[in-house]
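Produce the complete structure using the sequences and hints provided.
For the protein sequence lines, the chains are A and B, in the order given. Residue 1 is where the first sequence starts when you use the numbering used here, and the numbers rise one by one after that. Residue 855 is where the second sequence starts when you use the numbering used here, and the numbers rise one by one after that.
FYI, nobody ran anything at the bench for these hints, they're computed from the structure. Warning: the hint list may mix true and false statements.
In silico DSS-like links for lysine-lysine, alpha-carbon gap of 25 angstroms or less [as the list claims (entries may be wrong)]:
#1 B:K1011 - A:K687
#2 A:K502 - A:K291
#3 A:K291 - A:K501
#4 A:K151 - A:K74
#5 B:K1021 - A:K699
#6 B:K1013 - A:K802
#7 A:K130 - A:K151
#8 B:K930 - B:K919
#9 A:K123 - A:K656
#10 A:K307 - A:K273
#11 A:K699 - B:K858
#12 B:K898 - B:K915
#13 B:K1091 - A:K802
#14 A:K596 - B:K1011
#15 A:K579 - B:K1011
#16 A:K802 - B:K1083
#17 A:K656 - B:K988
#18 A:K792 - B:K1011
#19 B:K988 - A:K699
#20 A:K699 - A:K687
#21 B:K990 - B:K898
#22 B:K1011 - A:K808
#23 B:K1091 - A:K699
#24 A:K596 - B:K858
#25 B:K1011 - B:K1083
#26 B:K1044 - B:K1021
#27 B:K1013 - A:K809
#28 A:K809 - B:K1091
#29 A:K544 - A:K554
#30 A:K656 - B:K1046
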Amino acid sequence: MDLYSILSHSTRRKILQILEREGVLSFSAFMPLLKLDTSGKLNFHIKKMGNLIKKSGKNYMLTEEGKLALKIMKLNDNILSGTAQLDQIDRDEISRVGITRIGVIICLCAEEISEVLDIDDLKRYIGSLKNVVSIRIVDRLCDIKESKGIKEWIDQFFINRIVVASCSPRTHTFVFEDIFVDVIDVEIIKNIEFANIREQCVWVNDSKPQIALEKAKVLIEAAVSRIMLQEDIEVKEIIRTQKSVAVIGGGLAGLNLALSFARAGLEVYLIEKSPTLGGKIARWSNILDIKECTSCYLTELISRVMKENVKVFTNTTAEKVSGHVGNFEIELQIHPRFVDVDACTGCKRCTDVCPNEKENEYEFGLTQRKFIHIPFSNAYPYAPVIEEESIEHCRDCRLCEEECPTSAINLEDNPRKLRINVGAKVLAIGSDLFQDLSPYHHNPKNDIVTSAEFERILASDGPTGGKLVKISDGKSPKSISIIQCVNNIDVCSNYCCTLSKKYIEEIEKRLPDCELHVWYDISRIPQNPVMWFTPDHKIFHWAKILKIEVEGNKKFIATEADRFETDMVILNIGMIPNKSLRALRESALDFSLDSKGFMSEITLASGIYGCGSVRGPADYRDTISATNDIAIKVISLLAKDHLIPEIHGSIVDSSKCGFCGLCASSCPYRAISIESEEIIIDQFNCKACGVCVAVCPTKAVEMKIDTTEKMMRTIEVYSKFSPSPKIIAFACESCGYSAADDAGLKKIQYTPNVLIVKVPCTGRVDTRFITYSFEQGFDGVLVVGCQRESCKYIDGFSKAEKRIELLKKMTPELENKLHIVSLSAIDSYKFASIVNDFYSRLAGKESPVIAATQ
Amino acid sequence: MKPKLLITSLTSCNGCITSIIELEIFPEFLESVDFIFFPLIEDKDNIDNCDIALIEGCITKEEQKEEVLEIRKKAKKVIALGTCAIFGGITSLSDEIESIPINEIIEIDGFIPGCPTPTEFLGSSLMALLNGEKIKLSPKNLCSECDLRPDSGVKSKIKIDKLIPEKIPFECFLHENVLCLGPITRAGCKAKCLKANIPCEGCMGPILADFMSNMVNFFSSIEVSEDIKISEEIYSKFTHPKSFVKTV
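Structure follows, in structure tokens:
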């Protein structure tokens, strides 16, 4: 068959193109790529491909003839579409064999640069550098009119890498990337390098044109050598975002979040471990601050959630999680309820006939309930449930099954597994209540109750039917004492003060004659407590020693000064971290905990969010504002169709990695984790500070753009700079480098004997950079970073400080030759004076006075 | 023709050359080479030409310098045997005598680190030499051979408050707050000490040429409690970080 017959069918042309892209491909891998529905069709076309492809093992690949056919096809396309460039194939050849053809653009910035520098001399020097194929002098690169000429120039010289010698990359990278976006490779950033000859050369050294020229030469040469070292970057993790969210926990936070997400058009999975929605707040009598009855509020909230696109799973836990932000797979375990929710009418005949009773955990054990039960009157779904632990007993009895009019009860129900895909997950499982109550003689039957139990006493559906009476005898108490701060020492519950306010009002309303006292144990009051009252309020008492003493059914509050009897004690308890949190973290979800054991804030970027009291003690108001905050974050994250990870970030070379884990323990974003045989860097969490690269003892971790090799090469090239004494400054992009740029913008003149290396963060400065600089002949090394507290990468500056302090300690001769300073981005005068002082000290001279020329 | 082998010992404990005799392959090794000098077997006054010279120990005397220079002239390949020969070893901790690694005096063709050189690694290195191959040094750190890996998952900061472990470790010593030099020490010894629950002291020497920066990076990335004094005896027991600053 001739070539044109083979190429006559679009599928066969596509086979060639796919093979060109993929290299080798198996039969089965072809099918989805070609969108063919039967293997017969593929077989037919593969047979027709003739000698253009060959089979090796199970895989197909292009033959030399096949590659030629592709070239002909491309040339055809170009000629027919009118964009014919007969040398197009040569260009492909160049990029295929990886020949670096560098074009250098020198921007004169109107006359700013040419006024100081001898451009012809500069051009001659740069032109002699290896791999530089052409130099283009432009008047103003930021002028849009230049872009057409540049496109032609790139085509003419087959340029595939560009060095821009002009103003600061910090301010102009995006402007220039826009110019080159159509003409250079898509991953533009790796193919462009900058030499800052304006802010950090001519504008600060305009009175010394000879040294400025030499400086411009090394700055450009270093940029050329850096772009030579840039390797291909594989952007493999472009994630198509799932427009769905898993909300774990169906309490106040979970319900409000689910509602916000659903209204924003996201698909929501609301996953609740217990058999009903509502969470802790469902047991509260009314909501603090707004005084609304909880059951009314919850019923309305749940009905609103139900109107939207929310898939509710009760009695369900999240077991396994895999994948990344944007696309997680979660395995759900749906525990058996033994009652078909859809068939049940809620008639309660089953609970009436059930002969077995146990403690009612919804009422904190204040009452008993049946084995088959509806958790509470506003439960959703409103259907009975049997716990798995009781089921053996129930299977022996089966009274409920016989009684049920709709055959909704199935005592043979089994657990089910379900997999869901979501773009983000929110943990809203709430907290637990403080439990170490034995020192307080906690005993509801003796009327020493927790605030949670008191809420049930106040609630109209509670064990006392909403009457404020003692559990022990059903009579109204004559005196009530509220004990505050029943919590872990030094942790403010954040709400027990406000809760006591609610109780005071409630008690005064219901029992106007009841004597009421609120007690604070001074030793337990945390620093900066949240308090609403003035300390002179008559019913508040402060005690150095506060004890509850019990004699039979009599209760006494004993302090260092007094002891008096009370009818009822309310222990105002705090919130402690949810006990499921650690287990969840180990089994399924990747997040960190803070020092108190609550979910930490640091995790917020990885597609897992915490909301409500899972993050720490929170009342109604705190929780609602947190749900809004998280909802905005999640909705804006998932609004994008694709997520692309940090292109500057770090990667691991497993052939050098020894699994010491130093990278993981030094990452400020906890983006690095240790798996059994692999170090995993989460490319979405990585913020490209480079701290991990600096600490890696075997140099197995490397940055994609700011590589160690590039830095070392920059130091080597910079060392050609002849003035003496000379200083090399490693300046962090956000502050140090910006301060130097700012000095340029203000045209502050400082010593020309300093060369600046841009680093993403001072934490990136490997000690080796410093030692190598001295080896290469620099007389002084300066590390310029952010203010310690406001380091862009959390503690990068502190890490650099520690490194330098240690290096100086081990090498005392460096005492006066190595300095680390912190600056803010506008500290331009400070930057100039630091450099000048350093220079003078190295040269043994007086420091010159700094003056701005304007 | 069997290759001619010279083995000599400078200032050292003779531990490394003793390890050669301890090798399982020692009988075969003995068969396959001609010793022209081996302190424990063959002794001579002058040095003849040879194919491979293995030098153990560091230089502390003037005549040792001359001996090393002489060996360099006569030997086709000079190999530093043991940590003393290549990094100075424990002798460099002395305040009284200066210990000079042989590679500061002559160019060497390879080195077999360790104090003493671990048998398995020594055996494979010697076989490589006899086959005319290069000695294979691991590019990884000791952690790659250690069973006490850090637990999987995201790790928190390392805080050191002990030099000697108080109990048998469950995971990486560093995460149990015990100092271990494994991360900045070259692999090759199969982590023998760690398998006996002893943290690494760094006898295999550094992975990268610039030990100083490796060490500074390491010690600044961990937190060391104030009551432990991290002294030279701990961080450079076997390898003395050379000063790199040019003298002004």
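Proposed proximity, K1011 (chain B) with K596 (chain A) (alpha carbon, max 25 angstroms): Answer holds: K596 (chain A) to K1011 (chain B) is near 17 angstroms, not above 25 angstroms.
Given hint K699 (chain A) paired with K1091 (chain B) - CA-CA distance at most 25 angstroms: Holds: K1091 (chain B) and K699 (chain A) sit about 23 angstroms apart, inside 25 angstroms.
Proposed proximity, K699 (chain A) with K1021 (chain B) (alpha carbon, max 25 angstroms): violated, 32 angstroms
Straight-line alpha-carbon gap K502 (chain A) to K291 (chain A), limit 25 angstroms: holds, 9 angstroms
Hinted pair K699 (chain A) and K687 (chain A), Cα distance within 25 angstroms: Cα-Cα ~19 angstroms, so holds.
Proposed proximity, K699 (chain A) with K988 (chain B) (alpha carbon, max 25 angstroms): holds, 22 angstroms
Holds or violated: K307 (chain A) to K273 (chain A), with C-alpha atoms at most 25 angstroms apart: Given that 25 angstroms is the threshold and the Cα spacing comes to 22 angstroms, the pair holds.
Hinted pair K1013 (chain B) and K809 (chain A), Cα distance within 25 angstroms: Roughly 20 angstroms separates the two Cα atoms, so the pair holds.
Proposed proximity, K687 (chain A) with K1011 (chain B) (alpha carbon, max 25 angstroms): holds, 18 angstroms
Satisfaction of hint between K858 (chain B) and K596 (chain A), Cα-Cα up to 25 angstroms: violated, 68 angstroms
Hinted pair K656 (chain A) and K1046 (chain B), Cα distance within 25 angstroms: holds, 21 angstroms
Hinted pair K792 (chain A) and K1011 (chain B), Cα distance within 25 angstroms: Between K792 (chain A) and K1011 (chain B) the Cα gap is close to 19 angstroms, so the pair holds against 25 angstroms.
Checked against the numbered hints above, the structure breaks hints 5, 9, 11, 21, 24 and satisfies the rest.
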